[in-house]
Amino acid sequence: MAPEDIFKLLATEFGDAVESTTFDGGHPHVTIKPASWPGVALFLLENAKLRLNLLRSITALDLLADDKLACVYDLMHVPTDDPETLITDTFEIAVRVVTDRNSPVIPSVAHVWAAADWHEREAFDLMGIHFSNHPDLRRILCTDDWVGHPLRKDYVFPLEYHGIPATTEFELTNPRH
Amino acid sequence: MSDTVLESQPDLLVDHDSGTQGDLRTEEMLINMGPQHPSTHGVLRIVLRTDGEMVLEAIPHIGYLHRCAEKIGENVQPYQFIPYTDRMDYLAGMNNNQGFALAIERLAGIEVPARAQVIRVILAELNRIASHLVSLGTYGLDMGAFTAFLYCFREREMILDMFEAACGARLTYSAITVGGVHDDLPEGWIERCREFLDYFEPKINDYNNLLSFNQIFVKRTSRVGIISIDECLAYGATGPMLRGSGLRWDLRKTQPYDGYETYDFEVPIAYPAGVNGVPAGVVVGDCWSRYYVRVLEMTQSVRIIRQAMDRLPEGPTEAPKLKNIKLPDDEVYVEVENPRGQLGFYVRGDGSAIPARVKARGPSFCNLSITTKVCQDVLLADVPAIVGSIDVVMGEVDR
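Protein sequences, first through last, are from chains A and B.
If you count by the numbering used here, then the first sequence holds residues 1 to 177, one letter each, in order.
If you count by the numbering used here, then the second sequence holds residues 1 to 399, one letter each, in order.
The hints are simulated quantities; they were obtained by calculation from the structure and are not laboratory data.
Some hints here could point you the wrong way.
As the list claims (entries may be wrong) - Quick list of simulated restraints, FRET-style, between CB atoms:
no., chain 1, residue 1, chain 2, residue 2, range
1, B, Pro186, A, Glu160, 55 to 63 Å
2, A, Leu42, B, Ile226, 42 to 50 Å
3, B, Val47, A, Lys33, 47 to 55 Å
4, A, Leu9, B, Arg170, 30 to 38 Å
5, A, Leu86, B, Pro320, 35 to 43 Å
6, A, Thr85, B, Pro328, 51 to 59 Å
7, B, Leu150, A, Gly148, 41 to 49 Å
Cβ coordinates follow ideal geometry from the N, Cα and C atoms, glycine included.
Let the sequences and hints guide you as you build the complete structure.
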């Protein structure tokens, strides 16, 4: 299915939950309201026409200019009915969920795709997005006592971590770019 | 130890007659495996909740190699980020370079010259063989078979020598860059590569005789850590893991890039015992299946490289004017088939020469997340077999 057809299907099925759709550019995506996202996710996985069974990646974005944070979910349909035959007929879509920058909360979809568990932990760790109903939301790449979320655009690098020098004041005041 | 010492320290005396070893007293125990355990292939730490010999739960802890490469990607130009991709999956640097280069090319609309595409395929497939050789060798090592490791590394060394001749580096190549390849192949390299392939292809049989069909190895890896296709997809496990569970799926076929659609090759999958020479006891989706898919993939890589060398066209190896390319206000998500699975790069531009966001989706990261699910109610000795068959590279899990 082409992204246009999938987005149309979503618009008829969920109506208001679809905020906007983007077709032009290199990454067609549909923007879904955070509250409706788990329901839409379940529909994307279980609908017989869609069966988007592979959650490839969750990318957390910092939209500093709009004062928002966002998650981009890249999904793909992998045909499994006839596993021994090579089937190249596949399709992919992307879903974007935008949340407030000051109190960022997005409902978890770890119960829909198990892969979301670690991806959401990563987005929480590096971008500070909270995923409600996540089974085990804690930092995954940084240490538990790390301060701040490094991928935020306004993140300030610490001078040291437990006595280990991390950066210098010169580096902080003279960024390379 | 003399008797007097034992008498003075009664704790050291073990009463063998009362059958301490047969005591099945159950007591839960937490065992810390790693981060410096030799069978974890890097700095992976797994906390095991055990009851006797049974593992009730295995929880991986990662992040020991975290360098926040994605943040670095937001501070440098794309061609400057290529060396950082080498250091993610450091056993498959070429494939990582290729993934990131493809993402930037699609974002900025750069055409790659025909000769560069073919060289990319040659380098990427050679790197796939080298990466699988490490996987095979170290997996044998985990299972107690030392010899195969030496044989695998002997051949890998030859590939690294060829890479050194082609780009000057043995591990962190940066040979595939945005818009093409950094250097053309040196004179005589193609002949050398042909010679190597003629030498290497019969060696795959040696690995099979030494390791794949070795009874001890088969007994240790078959029927262990069985994963179904649906479980693989739910956890995002791809590559040899998915094919080892019996699904014929390969991005080089389904979403071809760099001209893979023009090459004639097969996608090997796992078969049950008795089919296509698979030894007795093997079940589709177990550790042995995942291991053997990698062996079969090496043969296909040899086929692809031979075809690529036959058709290598003349011409430039890099698109012109590549420094300071302005990235459009757009975004892309591109995936390539890494030796370990689907490696994805999400890149977002904002009109300047530096990306606004770079995200790497590492196959090892997703493949590793299935550990807790698979290592439930297995024997303690099976944990290294399962973790080894997933074939993780921590540099890319932690990024």
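Cross-check of the supplied hints:
1. Pro186(B) - Glu160(A): 55 to 63 Å: violated, 47 Å
2. Leu42(A) - Ile226(B): 42 to 50 Å: About 27 Å separates the Cβ atoms of Leu42(A) and Ile226(B), which means 42 to 50 Å is violated.
3. Val47(B) - Lys33(A): 47 to 55 Å: Between Val47(B) and Lys33(A), where Cβ atoms are some 38 Å apart, the hint is violated.
4. Leu9(A) - Arg170(B): 30 to 38 Å: violated, 51 Å
5. Leu86(A) - Pro320(B): 35 to 43 Å: holds, 37 Å
6. Thr85(A) - Pro328(B): 51 to 59 Å: violated, 39 Å
7. Leu150(B) - Gly148(A): 41 to 49 Å: holds, 47 Å
The structure is inconsistent with the numbered hints 1, 2, 3, 4, 6, although it conforms to all the rest.
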